[in-house]
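Top to bottom, those sequences are chains C and X.
Per our numbering, residue 1 is the first one in the first sequence, and the count goes up by one each step.
Per our numbering, residue 1 is the first one in the second sequence, and the count goes up by one each step.
Treat the hints loosely; a few may be bogus.
Among the chain X residues that face chain C by a calculated CB cut under 10 Å, a handful are [unchecked claim]:
no., residue
1, A33
2, D120
3, R124
Read the hints as simulated data drawn from the structure, not as lab findings.
Remember, it's a predicted structure, so these values are computed and weren't measured experimentally.
Note that beta-carbon positions come from the ideal geometry of N, C-alpha and C, so glycine has one too.
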Amino acid sequence: MNLPGLGDIFAGWRKKTPVPFSALFKKFKSILGRNNAILERMADMGDKLGGDYIFDRQYIISSCEELGDQVFKLISDLNLLSNRKNAALFSAFERIQHQINEELAGRRALSRTDHILPLAELTHDLADEGGNKMSSLGDIRNILGFTVPDGFVITVGAYFELMENAGLRRRAAEMTARLLSGDGQSLADESRAMREAILAMPLPRKLARSIEKAARDLAGEGRELLAVRSSAWGEDGESSYAGMYESVLGVAPGGVLAAFRQVLASLFCEQALEYRRHRSGATEEPAMAVGVMRMVPARVSGGLYTYAPIQEGSQSMVVSAAWGLGKPIVDGTAETDTFILRRDPPHLTTSTEICPKTTRLALIPSGGTRVEEVPPEESGAACLDTGQLTLLAETAMNLERFFKRPLDVEWAFTPDGALVVLQARPLSIRPRACSRDLDVAEAAKDAPVIFSGRGFPAMGGVASGPVHLVAPGGDLSGFPYGAILVTHHSSPRFARIMPKCRGVITEVGSATGHMATIARELRVPTIVGAAGAMSLLREGQTVTLDADHNVVYDGTVEALCRYELARQDVFEESWEYRTLKRVLKHISPLTLLDPKSDDFKPENSKTFHDITRWVHQRAVDTLISLAETHRGLREGVPKKLVSRLPLGLSIIDVEDGLAPVYGEELREQDILCQPLTTLLEGMAATGMWETHAVAVDMTSFMSSLTRTLSAHQSHPATMGRNLAVLSRQYLNLHLRLGYHFTVVDAYLGQNVNDNTIFFRFLGGVTEFSRRSRRAMLVAAILERHDFVVKVAGDMVTGRIKKHPTEAMLDRMFMLGALIGYTRQLDAKLDSDQAVQNHIDQFMQRLSPLERTRERPWKPEPRIELGPVS
Amino acid sequence: METRTPDRARTSILMLDDEPIVCKRLRPFFQKAGYEAEAYSSPLEALERVKARRFDVVITDLKMEGLDGLTFLEKVKVLHPDTDVIVITGFATMETARESFRKGVFDFVAKPFKLTEILDVVRRIEKERGLHP
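Given these sequences and hints, build the entire structure.
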């Protein structure tokens, strides 16, 4: 742990009267305490996005203030501990604080300054940059995993820059002011002048070239044609500017700049100006991003309304379809086949109407589109089969669930049968039956309740579907589409099936856990901690989950489901939601990931979380260094552990972690730190760290052991420095064994909410595939024990927190076993199957050990996280 | 849903908060839970409404432009002594708490709150008043 620059600090410490190590550790602990408070406040703010809370503008403002205050104090604390000024940290803090204040003041900070963003990087988090339409397509592709056309977006940032350079931004603002006050020329004249100015404005050469290059690349050196589409702020969103702005289809790459201008100019078309003038609230500056996408050579295309405006209370969706490209269908000029399908799975077709389709729109290879004759044998045939209809219906319902509104989906099937989603926008017709509030109140009041008030909502919303029970560790491969997942405990492994399920109910779990985060990201209504759910609900039983009210009803409560879809105010679109989400962008993400990287510097902090993480890491490093240099302080002197296993471990006791010992040597029974004793116990347990003859089936195993850890390598002297800093409840362990370097940082105390284990595993020299298999193995085992796991290269990190102390100690035992087990494995991981075999073998060995091992601690009173009735 | 009885009386709630987001979210929440719910962002409009009819429960913010929550609470209690009032606030101090209780508030809920929290308070009122649970 030799850090550059620390020498000066030691010099500083040595000159003064030595500060007792316990005092330094107290400072260190207070940093950890503040660190936790900050992380909790962040999680708390993140929770508010889940829909279970009512919060207002004031909450956002005061939370940001308080958080800023805490982070500032955290940096000051570090200054005291390390006896140096962290100027870079303070300036990063001020920069982030300023960005947050800008967001609160309503000045959107574009988080990406790129002029061009690939669709693959776009989600609603970048809606300010990419506009509504393109960021929705980004969600559909990148979050929900459906196929959309390849493409990129020319951002709002590029638009503002162009307009600014041409002096048009101010001109547009002045025009808007004139229109709102009723002064000036006619709307038509204003519109024409503005559009002409945009069509004539200079495009900086660099931007023009990069757009042309991106278009050529997208078109495969000109072999394919492009669609250039509007993606303005507010378009297809809360306020519908649907159909006002222009899209240009069948554009050859050479024509992309002209099409780009044309779309930009349509931001000021008469219709849009009229619309803005009549919406008093529309004072926000208009802005236009432009999407460029590859044209889909559609064999069939069409539209789908997820809620058919046919009759009141109908549970139908409607599909219109025709041969060729979709524009005539959307415009309403084409003859189409019409299919009515049921909204509930398996989405049976209730009505089919086949029309003679005599023409179709097709692409002209050199650019543009043309109307063609349809061959007579195809003209009268249905252009979709049952399989295609089912696929369309399931896709559309998944989109509707995510966007929380009835949708108008534009789609196409390619000649090789793949479904491509072209667009999804809110359907302006709302199901009429839902406007009747009384119905909802009555239905909710009288529907049969299976249970209510158990657990906590992790993501609000209403979902209806058949129950699918999943036993702990149960198979997920056959999870049925549209079912409600009911399981014992929440786990990140459900992330995989989350896009398929309508809702989630778990008996155990935390609303701040990783699974809950994924449920929120995908907007799947979720209740965690609903004790007894698995026995109260039957496999296949149709239920309605109302996660807002924490109620599960028997059967489908249609009025509730309809009401949910017909909400005028989708929470996710409110100012409060969007603002909280935007400020959290400067608060929560962790971008300083690897302390070993050259970028791990305070000036690279982009968020409060980065600062917090950096301070934490620096505090740990500083503490260890200080302990090593405080030779004069008896309590800080590292002592050597004489243990069953050759660990070569030095121990610094910072508070009550060791029984009084004279001399420099320690025995295992002198350790009072429960996290460490439990970890050592797991490491030494039968079958985990074998150093002598074992059962017959272990022979092959042993050969690998002798190869990977020869007598020479396993000697402590060559194993590097192994160090544990501990107190009675705290363990910070740095362990190098053979080729593996492990860090464990655990605090297991009286309060469930303070309990945390951090585990980091870093492998050493071996060929790449074995390294990644080793990472796979460690990650899989950690995940099975509910760690939130990240794999970056051959580094695996796992975190778990807020479980009761006894459960956390079980994890420490498991980690000890895992450290012991994996140190022998590298040579054995010669296939992916071997990884699976070793995961199984490890679990098989672990489970009897876990059952039989002595648990010397007293069970702590269990602290409930919230009301359970 | 065979047991549906549309004529059964529902507990009525009026809510008042000058931050529109609070009303926008509370009203549908209570409706879906089977309540008759009305929401106002303007204290004066809300006051007109309670003059026109009685509600079982009134939920009000404390700090508002025009008319503060304590005054509103007082006026409601004068008009309808058997209406129970819940105060929701982001600035709870002992002072305001004491004064609200003197003026007959049923309970206090600090913002931000969980939807289930406020529902629990309403259910307690229903229980104490013997209203249809």
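Each hint, compared with the structure:
1. A33: Because about 5 Å separates X:A33 from the closest Cβ in chain C, which is inside the 10 Å limit, the hint holds.
2. D120: holds (8 Å)
3. R124: For X:R124, the interface hint is violated, since the closest Cβ of chain C sits about 13 Å away, which is over 10 Å.
Taken one by one, the earlier hints fail for this structure only at number 3.
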